[in-house]
Each structure stands twice: as C-alpha cells, then as structure tokens.
Amino acid sequence: SSFGFAARQKARRKSIGSLRGTSDILEAAAALVRAAVTSSPDTETFADAARLAAEAYAADSERHYHFLAAIVDACRASSARADAEEREVWTNSDARTIEHKRSVAAEASLAVLRVAFLAETPGRGPGTFTPRLPESPEARVAAYVAAQAAIRAGCASLRVPVSLVHDTTSHSAEVPFFAVLAHVSLVSLTLETSGEEALAALALAADVASAASFLAPATFAPGRSDEQTRAATAVHPGMGRLASAMSGDSSRGAHLPRWAVGEDHSRALAETAAETLTTSEGSGSGSGLVFFRRDGEEDAAHVAKASRGSRLIRAMFRCACGSMPPGMVTDVSAALFATWAACGDHVFGTWLAEALGGDKDGFPRRSTTREQKAFFARELLGTLGDVPGDAPERTAPREASPEAKMDLRRFKRCVKAFCGGKKVGK
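The sequence shown lines up with residues 1 to 426 when you count with the working numbering.
Bear in mind the hints are in silico, worked out from the structure with no lab data behind them.
No experiment lies behind these values; they were computed from the predicted model shown.
All C-beta atoms in this analysis are idealised placements derived from N, C-alpha and C, irrespective of residue type, glycine included.
Some clues are possibly wrong.
[To be verified] Pairwise CB distance ranges, derived in the manner of DEER restraints:
| hint | residue 1 | residue 2 | range |
| --- | --- | --- | --- |
| 1 | G358 | T97 | 45 to 55 Å |
| 2 | I25 | R370 | 57 to 67 Å |
| 3 | R258 | H171 | 33 to 43 Å |
| 4 | T97 | D359 | 49 to 59 Å |
| 5 | G127 | P325 | 39 to 49 Å |
All chains, full assembly: derive it from the sequences and hints.
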C-alpha cells in the first residue's frame, strides 16, 4: 500500500484472471515494482522499490530477469537532467532528492550487474570472481540493457574494483567494474547471435566504446565536430531498429536514461572508461583485464598489442563479416557509426587503425593488404588526410562535406563493401 495510488492503478491493469503461469506472475510482479519506482511519491519508496527489484533478481537471475527493467527505470529517474532555468529554482530538497535517487540507482545497478556477470571462482576465497554471461537469451538481453542504463546514468558504482581471475592463468587482479562490462560486451559480440540478443549486444558495445566521450565530451572527444555531435543522437530513418533505438529523439530508446553529460559523478566514470578502453592487454595497467580469446587464433598478436577500444571495434566488424546474420549489417553499421559520431575522428580513427590490423593478417580476408585497409579507413571516415596511427598513401578518396560525411547510408555502404556484405556468410 505504501507504493501509492498511481502504482496500484498500474498494477490493476493485469487482473488475477489474466495470469497464466509463473512467467506471467513474475512479469506482473515486476510491473508492480516498476510502477513503484517510476511513480514513487518519496525517496524512501523509490529506494525500497529499487532494492526490492535487486533482491528479486538476485534470488533467481535466470527466471527473474523482468525485474531488471525496474533498475533501468531507477537509472532513468536518477539521471533526469534539468535545464539551467529549472536548476536556478531548485531547492536544497530537490537537489537532495536527485542525489539520493542517484545513489540508490548506482547501488542497485552494481548489485544486479554483479549477479548477472560475475560468478564466484571455484577453489578461491570469497570475493574472487570469474566473468560470466546469463544462460538464456532473454536474461542476457535484460542484463545488457541494465548495463547500458548504468553506463548512461554515469553510475559511480561502475568504478568500484572487483577481483577477477585471469582467463588463462590462475592469477587474480583488481579491475573497475566498468572493465567487466567491457569484457562482457566483447564476449557478447562473439556468440554468433541474431534478433533481439544481437541488437542488444551491439547497442551495449556502442555504449561501452562511447562512454567516456558521451559522459565528458570536452575531455574525451577532442575535435568532435558539430555535425558529429548532432549525428550521435539523430534519427536515421530507414536505417534499422538499432539506429532508431540509439537516437535521443526516438521513442524506441525511451526506456533508457539520457546520457549524464558533464556531471561530477559521470566525469569520474568517464575517466575510468577512458583508461580501460585506451590501454592494451600487455600494458600492465591496473585496470587491465585479459578478455577471453574468442576472436580466432589469427588475432593472438592483435590481442596483445591493441587497446580494448580497438578490440571492440574489431569485434563489431567481425559481426559484419559473418559472425552475425548477413541481414544485420545495417545494425552493425549503426553501432559503429554511433561510436564514431560520439568519439570523433581522432579517437575512433586511432581505434580503427588498430582494429584493421596489418598486411594480409586474415582480417577481414587473408588477401586484404595494408594499403587497402588504409584506403578503407579514410573512405569510412570521409577524410582526405591520414588515419591516426597509419602511414599516408598515394591514393585517397575525396574529402566529403560535413553533411555527407555524417551520413549513415554512406557509412553502411563502406562497411558492406569492405566486409563482404550479404555474401560474406557464404
């Protein structure tokens, strides 16, 4: 009864007679908790509902994944931005309410994401974990969306260190939880999935790669143009569900919080994200995490030298090369495009040059030369000059206008031509 009149009204929309089994009952219970989160009249009710959702999910993460939607709602409520005029009339109570919701959402997000993506390591003491993924596709999709929400809200809890066991050795190391999400994102792109799960994996990968640039653009998106800033959240009609869902102006992605740009807590997470994504496996960085090697044996040298950001870009290209169904090349292109638009030419171009690798190294085909890769990179970025990190070539495409450059259709055509399009799966 403490959830309030509005919450009770929403819960009544599913009558008892419509509940046909355990799944329906769980979904209805999760809807009630979501109503309490979104319609709570006070911070105590909001906190109780968010914690109840986290506890329900932890009780059985494979069957209770519906409750993760309440955590997404909590992140959205905690990251609601006010314009300058509204902030001027805020009272101390308003500021405390937002801060309290932010703290609750961060705590609940970490709690559910630890359950979703970490497992206690057998034979080790408590508090030492091995990364994991939920078993069912539905549970994985719900967990990916919850991770997106926490990243976009700039949850400070994603900076909390966790002790992970090395993938190929018995050693353990402490890494920020954001590094776990980066790991999960990379692995999710190697599962050869399709449909909703593939879309969710691509959306998470784009958000992980773009996190630092979105949360603190002044620091981590140097040189990003106005056209790129607009393209990062623009609607791209006719370019697939992922392009619509990632838009800030589309109802498809309305369940996710808007990016918490420039807030103190989100700037701190941006620093953690940037450090995680710009260091390599062999760097010895404290935020290092050796990802599972599912890219294929030919990638062993690339894994050791490349930054984690470039490994995410390479994994997305592999999706376009056949690890996802050929018809998803539009959605893969949208994820890559969103990352480029958020990060700008310099950051994305550096990752792209690393991701493409060297001469005839098997990516995307054994016959692809360094010169062809350099030409493709310049064509993809719509630039006449060099791609960061690569040598100049004699032949280069004509530099596109700012509007034509940030055209997702043009971008998709380049990706499709390089990766082989719909024939690559054969």
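Problem set entry | Distance restraint hint 39 to 49 Å, applied to the beta-carbon atoms of G127 and P325 | Holds, since G127 and P325 (Cβ atoms, about 40 Å apart) stay within the stated range.
Exercise. Per the hint of 33 to 43 Å, is the separation of the Cβ atoms of R258 and H171 within bounds?
Worked result: Holds - the Cβ-Cβ distance for R258 and H171, about 40 Å, lies within 33 to 43 Å.
Problem set entry | Hint check for D359 and T97 - Cβ pair distance inside 49 to 59 Å | Once the Cβ atoms are compared, 58 Å apart, the range 49 to 59 Å for D359 and T97 holds.
Exercise. Okay, G358 versus T97 on CB: inside 45 to 55 Å?
Worked result: With a Cβ separation near 54 Å, G358 and T97 satisfy 45 to 55 Å, so the hint holds.
Problem set entry | Satisfaction of the hinted span 57 to 67 Å by the C-beta atoms belonging to I25 and R370 | 58 Å, holds
Violated hints for the displayed structure: none, as all numbered hints are satisfied.
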